Each structure stands twice: as C-alpha cells, then as structure tokens.
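A.B. asks: One line per chain: the protein sequences are A and B, in this order. FYI, the working numbering numbers position 375 of the first sequence as 375, with every residue one higher than the one before it. FYI, the working numbering numbers position 176 of the second sequence as 176, with every residue one higher than the one before it.
Think of the hints as simulated: they come from the structure by calculation, not from any bench. In this text the structure is predicted, and so the values were computed from the model without any measurement.
One copy or two, either will do: identical chains are not told apart, so a pair holds if it fits within one copy or between any two.
Pairs of lysine-lysine, DSSO-like flavour, derived with a Cα cap of 30 Å:
#, residue 1, residue 2
1, 285, 274
2, 118, 351
3, 458, 212
4, 209, 458
5, 209, 282
6, 499, 129
7, 274, 209
8, 235, 246
9, 212, 285
10, 212, 276
11, 420, 446
There are 2 protein chains.
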Amino acid sequence: MALATLNDDVSTPFVKAQFSDRVLIRTILSRPDGGAGLAGQTVKVGGWVKTGREQGKGSFAFLELNDGSCPANLQVIVDAAVAPLGQLVQTGTCVHVEGLLKVPPEGTKQRVELRVEKVHHVGPVDPAKYPLPKTRLTLEFLRDFVHFRPRTNTISAVARIRNALAYATHTFFQNHSFLYIHTPIVTTSDCEGAGEMFQVTTLISDAEKVEKELIKNPPPSEADIEAAKALVKEKGEAVAQLKSAKASKGEITASVAELNKAKENLSRLEERSKLKPGIPQKDGKIDYSQDFFARQAFLTVSGQLQVETYACAVSSVYTFGPTFRAEHSHTSRHLAEFWMVEPEIAFADLKDDMNCAEAYVKFLCQWLLDNCIDDMEFMAKNFDKGCIDRLRMVASTSFERISYTEAIKLLEEAVKKDKKFENKVEWGIDLASEHERFLTEVLFKKPVIVHDYPKGIKAFYMRLNDDMKTVAAMDVLVPKVGELIGGSQREERYEVIEKRILEMGLPLEPYEWYLDLRRYGTVKHCGFGLGFERMILFATGIDNIRDVIPFPRYPGRADL
Amino acid sequence: MALATLNDDVSTPFVKAQFSDRVLIRTILSRPDGGAGLAGQTVKVGGWVKTGREQGKGSFAFLELNDGSCPANLQVIVDAAVAPLGQLVQTGTCVHVEGLLKVPPEGTKQRVELRVEKVHHVGPVDPAKYPLPKTRLTLEFLRDFVHFRPRTNTISAVARIRNALAYATHTFFQNHSFLYIHTPIVTTSDCEGAGEMFQVTTLISDAEKVEKELIKNPPPSEADIEAAKALVKEKGEAVAQLKSAKASKGEITASVAELNKAKENLSRLEERSKLKPGIPQKDGKIDYSQDFFARQAFLTVSGQLQVETYACAVSSVYTFGPTFRAEHSHTSRHLAEFWMVEPEIAFADLKDDMNCAEAYVKFLCQWLLDNCIDDMEFMAKNFDKGCIDRLRMVASTSFERISYTEAIKLLEEAVKKDKKFENKVEWGIDLASEHERFLTEVLFKKPVIVHDYPKGIKAFYMRLNDDMKTVAAMDVLVPKVGELIGGSQREERYEVIEKRILEMGLPLEPYEWYLDLRRYGTVKHCGFGLGFERMILFATGIDNIRDVIPFPRYPGRADL
Numbered sequence: 001m002a003l004a005t006l007n008d009d010v011s012t013p014f015v016k017a018q019f020s021d022r023v024l025i026r027t028i029l030s031r032p033d034g035g036a037g038l039a040g041q042t043v044k045v046g047g048w049v050k051t052g053r054e055q056g057k058g059s060f061a062f063l064e065l066n067d068g069s070c071p072a073n074l075q076v077i078v079d080a081a082v083a084p085l086g087q088l089v090q091t092g093t094c095v096h097v098e099g100l101l102k103v104p105p106e107g108t109k110q111r112v113e114l115r116v117e118k119v120h121h122v123g124p125v126d127p128a129k130y131p132l133p134k135t136r137l138t139l140e141f142l143r144d145f146v147h148f149r150p151r152t153n154t155i156s157a158v159a160r161i162r163n164a165l166a167y168a169t170h171t172f173f174q175n176h177s178f179l180y181i182h183t184p185i186v187t188t189s190d191c192e193g194a195g196e197m198f199q200v201t202t203l204i205s206d207a208e209k210v211e212k213e214l215i216k217n218p219p220p221s222e223a224d225i226e227a228a229k230a231l232v233k234e235k236g237e238a239v240a241q242l243k244s245a246k247a248s249k250g251e252i253t254a255s256v257a258e259l260n261k262a263k264e265n266l267s268r269l270e271e272r273s274k275l276k277p278g279i280p281q282k283d284g285k286i287d288y289s290q291d292f293f294a295r296q297a298f299l300t301v302s303g304q305l306q307v308e309t310y311a312c313a314v315s316s317v318y319t320f321g322p323t324f325r326a327e328h329s330h331t332s333r334h335l336a337e338f339w340m341v342e343p344e345i346a347f348a349d350l351k352d353d354m355n356c357a358e359a360y361v362k363f364l365c366q367w368l369l370d371n372c373i374d375d376m377e378f379m380a381k382n383f384d385k386g387c388i389d390r391l392r393m394v395a396s397t398s399f400e401r402i403s404y405t406e407a408i409k410l411l412e413e414a415v416k417k418d419k420k421f422e423n424k425v426e427w428g429i430d431l432a433s434e435h436e437r438f439l440t441e442v443l444f445k446k447p448v449i450v451h452d453y454p455k456g457i458k459a460f461y462m463r464l465n466d467d468m469k470t471v472a473a474m475d476v477l478v479p480k481v482g483e484l485i486g487g488s489q490r491e492e493r494y495e496v497i498e499k500r501i502l503e504m505g506l507p508l509e510p511y512e513w514y515l516d517l518r519r520y521g522t523v524k525h526c527g528f529g530l531g532f533e534r535m536i537l538f539a540t541g542i543d544n545i546r547d548v549i550p551f552p553r554y555p556g557r558a559d560l
Numbered sequence: 001m002a003l004a005t006l007n008d009d010v011s012t013p014f015v016k017a018q019f020s021d022r023v024l025i026r027t028i029l030s031r032p033d034g035g036a037g038l039a040g041q042t043v044k045v046g047g048w049v050k051t052g053r054e055q056g057k058g059s060f061a062f063l064e065l066n067d068g069s070c071p072a073n074l075q076v077i078v079d080a081a082v083a084p085l086g087q088l089v090q091t092g093t094c095v096h097v098e099g100l101l102k103v104p105p106e107g108t109k110q111r112v113e114l115r116v117e118k119v120h121h122v123g124p125v126d127p128a129k130y131p132l133p134k135t136r137l138t139l140e141f142l143r144d145f146v147h148f149r150p151r152t153n154t155i156s157a158v159a160r161i162r163n164a165l166a167y168a169t170h171t172f173f174q175n176h177s178f179l180y181i182h183t184p185i186v187t188t189s190d191c192e193g194a195g196e197m198f199q200v201t202t203l204i205s206d207a208e209k210v211e212k213e214l215i216k217n218p219p220p221s222e223a224d225i226e227a228a229k230a231l232v233k234e235k236g237e238a239v240a241q242l243k244s245a246k247a248s249k250g251e252i253t254a255s256v257a258e259l260n261k262a263k264e265n266l267s268r269l270e271e272r273s274k275l276k277p278g279i280p281q282k283d284g285k286i287d288y289s290q291d292f293f294a295r296q297a298f299l300t301v302s303g304q305l306q307v308e309t310y311a312c313a314v315s316s317v318y319t320f321g322p323t324f325r326a327e328h329s330h331t332s333r334h335l336a337e338f339w340m341v342e343p344e345i346a347f348a349d350l351k352d353d354m355n356c357a358e359a360y361v362k363f364l365c366q367w368l369l370d371n372c373i374d375d376m377e378f379m380a381k382n383f384d385k386g387c388i389d390r391l392r393m394v395a396s397t398s399f400e401r402i403s404y405t406e407a408i409k410l411l412e413e414a415v416k417k418d419k420k421f422e423n424k425v426e427w428g429i430d431l432a433s434e435h436e437r438f439l440t441e442v443l444f445k446k447p448v449i450v451h452d453y454p455k456g457i458k459a460f461y462m463r464l465n466d467d468m469k470t471v472a473a474m475d476v477l478v479p480k481v482g483e484l485i486g487g488s489q490r491e492e493r494y495e496v497i498e499k500r501i502l503e504m505g506l507p508l509e510p511y512e513w514y515l516d517l518r519r520y521g522t523v524k525h526c527g528f529g530l531g532f533e534r535m536i537l538f539a540t541g542i543d544n545i546r547d548v549i550p551f552p553r554y555p556g557r558a559d560l
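Kindly generate the complete structure, drawing on both the sequences and the hints.
C.D. replies: In structure tokens form, the structure reads like this:
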C-alpha cells in the first residue's frame, strides 16, 4: 500500500497538495462517499485538536482533528503504544501524523477515520494557560485574541467564505474582461470631500529623531558659531598673506586646505543651529513641504476617482482594496479599515450599471452555494437559519428596480397603513436603514435597486438627469443588511460637473485632474462600490462587522 | 443583418460584453482570422483615437481606434456625410460609433475595418491643450500625467500585464487550496523592527480642529470659571434655603432645575478650559492614548507576521496587498507604496517553500505566454528584445538550487578568474545585487535559489539550522532584476525564537502574540514574499518601477 504523498502528484485520489507532505482533510472528507472509498490508504495529515479524549483505560485516544480546509474534523485514533496520549488530547494541540484510513465500526457518525501509525510532530498546549478553552466562546470574547480566533469553527468558516467571495469577485470581473487596477492607498485627493480621513506622515517621527539627536548632541551656541566664523576669517587672512608673500605652492595649498576645513566646520554648525525640536512650521502652520510626500497625505476613502482615469483609457476596470474612515463609530456596521470592490465601466449608463451590479451579486451568491455549502450549513445551523435560502433567492430572482420617487410613494402609503418609521418619509430625504430594509425585506421580499435620487443628497460626480432635480444614482438594497451597493452614472459633461462642484461649495483646484478627464476625450461611464464586509454579513448572517475581517480596526483598537 | 448587441448574449460570435452595448475591439481583432470572418456584421465600438487623418480631400477619415482591451487598434473609416471629420481625427478623441465590419482592400495591413454608419458620441480634444501629443513621449514625461498615461500604448500594456499577473496569482494559490487572507494595512506591530514606517494618525487634524475652535470661540478665563462656580454655590444655597423653609414641591423643583443648569454650565466651561492648542502631550511626550487607535499606529511593511496567525490555524494561506516603506530612496527599484504577495504554509519546510516559489514563478510566466502574448510582443519590440524568451526559459527550466556557502565559493572562484565586483566577497556578507545578477545571469543563465544564509544577516523569525550558524532562508534570483522572492522556514521552537529575539536586541513584549503561536500548538511552517512590481519589471523589461504601478508614491510625490 503506497504512501499517498501529494506534492503535485495528481495521480493520487487526492487534489494537489499545498507544497506539504500532508493530505488536506477536506480532500478526504468532502468526497461523495465521505472518504470511505479511501479506506486502506496510508496518509499523512496535520491539524489542531478540537477535542480529544482517552479511552479504554488510557490504552488509546480519539482526536477530532481540524486543519482549516473544511468545517468537518477527521476522527483520529492513537494507541498509547504509538505516542504518549496525555499531551495529544488537549484542545489546541498541533499534530502531524501518518496512519491508515479505515472505515469505522457500524453506528458511528464518521464514514472514515485515521488510525495513527507514526507521530511526526506535536505542538503541545498547556490547557491551564491556553486562552481558548473547549467551552463555547462568544465572538466578542474572541476579539481579544485575534491571533488565535481563526482556530475556532466560526472564524475559520468566515475565512473560507471571505476567501471564496474574494476569488469569485476576481473571477466575475475577469470573465467580463475588466482589468484589475491597484488604486493608491496613500492619496492626496479627498473623494467627495466627505468623511474623516487618516493622515499619513513622517513629520512626527522625524521630529522625534531631531529631538533625540539634539539631546545627545546639543546645538551649537551663538558663541560657538562666532568662534567658527573668526577661525574662517583668520585662516582666510593666512591664505591671503601667504599669497601676497609669494609663498611656495605647497605652503599655499596646505593653508587653503585649512581654510576649507574651517569653512566646512562653520557650515556644519550653521546647519545644526537650524535644527529645531517639534514639527516644522511655516507662517504659523505645519510645513508640509517637509513631509515625506512634500504635501499633506491621507489614507484613501475610495478608489473611485482614481480608477476613473483608467476607465477613461482602458474601458472596463475594477479595484478591490482597503479603504479607510477615521470616524468615531462604535457600531456593529462600521470599521476604520475595510475592503471595497469598485468597478467602473466606460461606454455604459445607469442601466448597464444596474445590470452589472445585479449580475455580480447573483454570481457571488451562486458561487457560495457551489463552493462553500458546508460552511454555509455551519452558518445556517449556528447564526442564521435563513442564510442559505437567502443566497438561493438572490441568485435566482430578478432584482426589483424602482425609482427613488416611487420608493418614497410606497413608503408614504405604508405610513398611511400605520407602518411606523423613526425617520420622517418625504421626497428629498436620504433613505434611512429602516426604510431600505422595509422595502427589501417586507414590501418586495427580494433585492431592490432604487435609482434616480434627489441631487441634493448625492455626490457631485453623479450625472444630472434631464429633470434637473435628480441624479443617475442607484443603490442595491438586500435583506439583512440594507444597502449593499451604491453606484451611479458619472457626470461626463464638463460644464455640468464644474457647475455641480461649485454649487456644492467645493474648490475646483483639487479636482482639476478629474475635470481633465471631461475636457479631453470624455466618455459616458458609470460604476459602483460594494462594501466587501457587508457582503459577508449578508451571506453569513453574522451580526458584527468586526467578526468578518481578520484584523478589525476601530476607535481605540488595532491589535497586531 | 442583426446588430450584434452583446449584453450577456453568448449566442453572438463575441465574448460576453462588459455591461455596455459596444463590442470590445479585442474580441474582433484577436480572432485567429484577425476579424475577417466577422465582415458583414454591424457592431458598436467605443474607444480613443490614437491617430486620425482626413483623406480624399476631406471626404472621409481614417481613425486608429483603441479601447484598452488589446494593444491593437481597429481601423475605422468615417465619411464626411456621417459626421464632421475635423473633430474626430484629433488624437485622444473619444468616439462611440456603430458601423459595418468589412474586409479592407488587398495590400493593407488590417484584416478587418469598420465603416461607420452612425456616431453615437464624441468626446472631443483640443489638440493645442491636450498634454499627450501624438509624438513619442518618454515614460519619465508621462509620470507628470498619471491621469492620462493609461491612454498610451506602454502604460495600457503594463496595466493588462499587471492585471494578468494578479489574477494568475490568485488562480495559482486557489488551485493549491490556499486561503486569501486580508492582513491589516494599519498596524501596531513593526515586522522585523526594520525599515522606516509611515505613521497613521488623527492627532494633527484633531489639533487643527481644536485650534480653529479656540479661535472662533476663545476658552473661558479664570474669572469666567470663578463666576460660574459662584453661581453654582448661590443656586445650591437657594435650594437648601427653600428646602429648610419647607417650600412647595413646585418651587423646590424649579430651584433644583436652576442649580442643575448652573452645574452644567460650569462643567462645560471647565471642559473647554482644558482644550489646548497643539498635539496632546503627557510627561513631555506625545499622548498617543488620544490618537484614533489609542496607541501609535503605522502602515504595514509586510503582512507576514499577521498572516502566520492564520497559517497556524487554517494551514495554507496567502496575502496580496499594499505594503509601505518611508525610505528616502530615489532609485528606479524602490517605491514608498508597493504590492506584495506573501504565502505562508503550515506543515511545510524550506524545501516545500522552494518548491512553492518555483512553481508559482513558473506559473506566472506561463500565464503571460498563454494570456498576454500580444502585450509581451509589444514589450519585446519596444523595451526588451529578450523578454519573451526569458519567460519561456523560466517557465520551462528547473531552478538551480545552491546553498549560500556554495554561492560564496562560486563568487570567490569568479574573483580569482578576474571577475570584478564592487562589493567584497566573503562568507557572512549579504549578497549584493551585482553578486545575485552574476549568479543568475552569467553563471547559471537561469533562476537560482540560494538557501541557508548566515543567521547574522537575516531576520529573527527564520529557523536556525543545526549548524547554529545559518538559518533556513532562501532567495529566488532571476535574470534582469536579481532578487525576486525572499522566504524562509519560520522558527517554530519557542525557546529558540525567544533567544533569537533577545540576541538581536529586540524587546519581547511587542512579539508576545507571535510567541504565543509557538507556545500553544506550534507547527512547522514556512513562507515567502514576492515583490509584485519586481515581477512586472522582470516580465516586461521596463527599467523604472514607477512605470509599472498605476499611481507611484515616492519621496516628494503622491499625485492624485
């Protein structure tokens, strides 16, 4: 019976390995026969013990082993003759073992189990100190241990779902010939002039360096500089004297060298005397010309404006990257660092935009059903009974499309029929989350695209409609989270967008490059943004956004 | 003859459209017949005019149209009867047109051309003002126009190659069951303690807000506060008096309300009196407890340490994201913001690491040959004659693997044979770029993996070999760029890594979470980092790294 080593060997019944000599537990357990057909094969596996127990008076142990490749555990049996059992059974222990796959006795849940013949490595755990005991832990508790929480069932399932949605995103846009563009993280543009931004700077650390240096090496005094000046004068006079006395070339050269040394010393002292502790100032303000980028720089809040430069050159593009908001929001829906997907399409209008958004969201849902059903079943069992049905519904149902004006009418009718909202309903308001969720969850019971919003509540770059009151904007609302996507056709007419910027009280200068796209070879185009963590909340039914990103950042917290 | 609209209609001879009613020029020109088989079809296309010229005494115009989907232009013919020609022929003009595909007369280069029947939209260009004239422009010149440069042949070809390499990266790791993990951009850990980091802060903007507020609304004086205190005392006495006089409940309530108002006013004034201009200080240092994350925060220099927490839970993972260095390097090889790919593999050692790195680089090269050959031909013609052969060689040749000690021997032998290096060769040195390129370009003429470096020149987390002198590190060297990948097996032994951190003079406290991974359930693991822009330089033969990222950031420069 051959050892099933997997490195790039596709002739084994297992998938290609991950450059490791062990078999993924998923490749055993995810087979239609639950792995039973592999009985008789010898394999290496590695993973972390979920639970372990000694049996038969300590003659053998059962381990539930998980390697993160799937939610299911492999049942592993170790005889006391093979290895000391006490260490192996502790939750969190890492084991790398080799053994024989066997069909377990009738009446057990497993279809296959591993009987260990050799233990290659053990990474032990002291259960008295390990922060993740066997008991059920709350997601909130786990946030204090971001370096261990991927070892839990929930956070590892979220990681697999997040990974699947990311690859589905790339696959969708690549299938439709969009180019993935890396927009900048550090930016000197402020998209929309809205939202608090994080500043990126080296001024503080530079100032700290100067301060340390000045403590170690105090700056020269006035007297030091005067003395250095006097020395330069003296050495200069010496040179002049030697020259007028027609001294030898050697003597003059030596004297000039001394003069130069004195000059260098003076200029070094003068340079150092300019060193001042603190952040450099000019005219009573911070002197950003001395910052790393020679101007004030921030973390991006959106790649949209920048990616438009590529849409206006290579047609269909998308970004997928981190974005930042320095808002002091302590809600379950906000992060200071989160990921956004932002496609931008040239030669396309609002209808194309809605078609793209709908196709993309459906694709993501279908992808999870096709590729992550075991993780989705875990979510359905533990967090949100309806989450799989919701994916199925969204993947297969046409999204409702209604104008903002129609949406307001429907909400007003609901109010007349005694529906209570906390926020007043009238034309011109920004729809509140309660309105959005009423439309998608109660009224239509499916995703709803609301389009053509009042211009007063939307950004300057959205295309003004012919009614002069609304703009070609659209939001995709879905059950569970409300707004999942916001997008618009962009204003491609130079005169109109210039007027809109000024109307909104924004300065033109920072947008000159953006206006250039309308001045030279302007094109009809549109795009949208999807909050990636919102999509994960929608898919999994998890409530707090801090649990669907590996390393959450929010006010007061940035672990690791 | 039907209009070939393409939205999701796969029954047409074209690929699925990009949510637009136009056909991608690539889908016409990249057919084996060069598009000739489509003659007779009516299509819509959109793009930007590369060159245009009026012919036949102004009776018609030829336009070379490019939409960014491929390097080739579609030849478009417009009759003067269809649209005014003067505007159409300017370089940079955007046109969205409909017409008939035709086989051009014998003897022309094109296999198909479009005869326009309808012009849907024109985005004009004033050639006197457009910054990108028809003439050949240097890449350096184009850096001043990052918002227009993707309209050039070179930068759009780079965008397509960059996109292809990004998707190939995801496809490779997904094929091998790695999970894509989003490591944080804002971090409070300093990987390796090396490298200058950018600080992320809201302290400066908060201080500016306070300053503005204090100018608008000066802080209360001592006298204001004394007066407010006196008022509180007075109101308090009034309440006491009413109570002792057994006044009516109404009178007492009114009096208490006045007292509370006075107290609120006092606490508001006291709060405002604490407002101080400038960045908050405590004990002579900046008080970071008042910063957004309640501690000092930076932009990440690598996601490795953080992604290890996922490798030590879900086995095989990778990151692909932006990383940052605040180094004042003005070279053609350094950026302040660049993208890195960092896989991390559990249950794997240095050999597995080298296998993975070699397979990955080969996969990238083969992917470009399979998916971007037209862009590669453009690069071969304009930048680097050998770039296609280089891809073929790397995709098909086994990488040489030599130890650092062997590499030093080979370099010393070369020195004996009169090879001149600027940097001295002896055991213990960090290999310089000239040494690396000599090994890969001259000596082996293929990629070389150098492994097992002296511990003194490598990071603390690399696994100490049994010789106690070297660590299980490896670098992949390739022709043209030298070091493309750096990686290592990680030290999984708690006692050894703790000793290494202390040996290097680093504090333990910031690494406690990293040490925890070795304390509890430790696992043999390895990983590497690939500089994504270096890979593009290697593939394209372009010399300056600023030209292979859409929005380059370097000292003094962060446009848009």
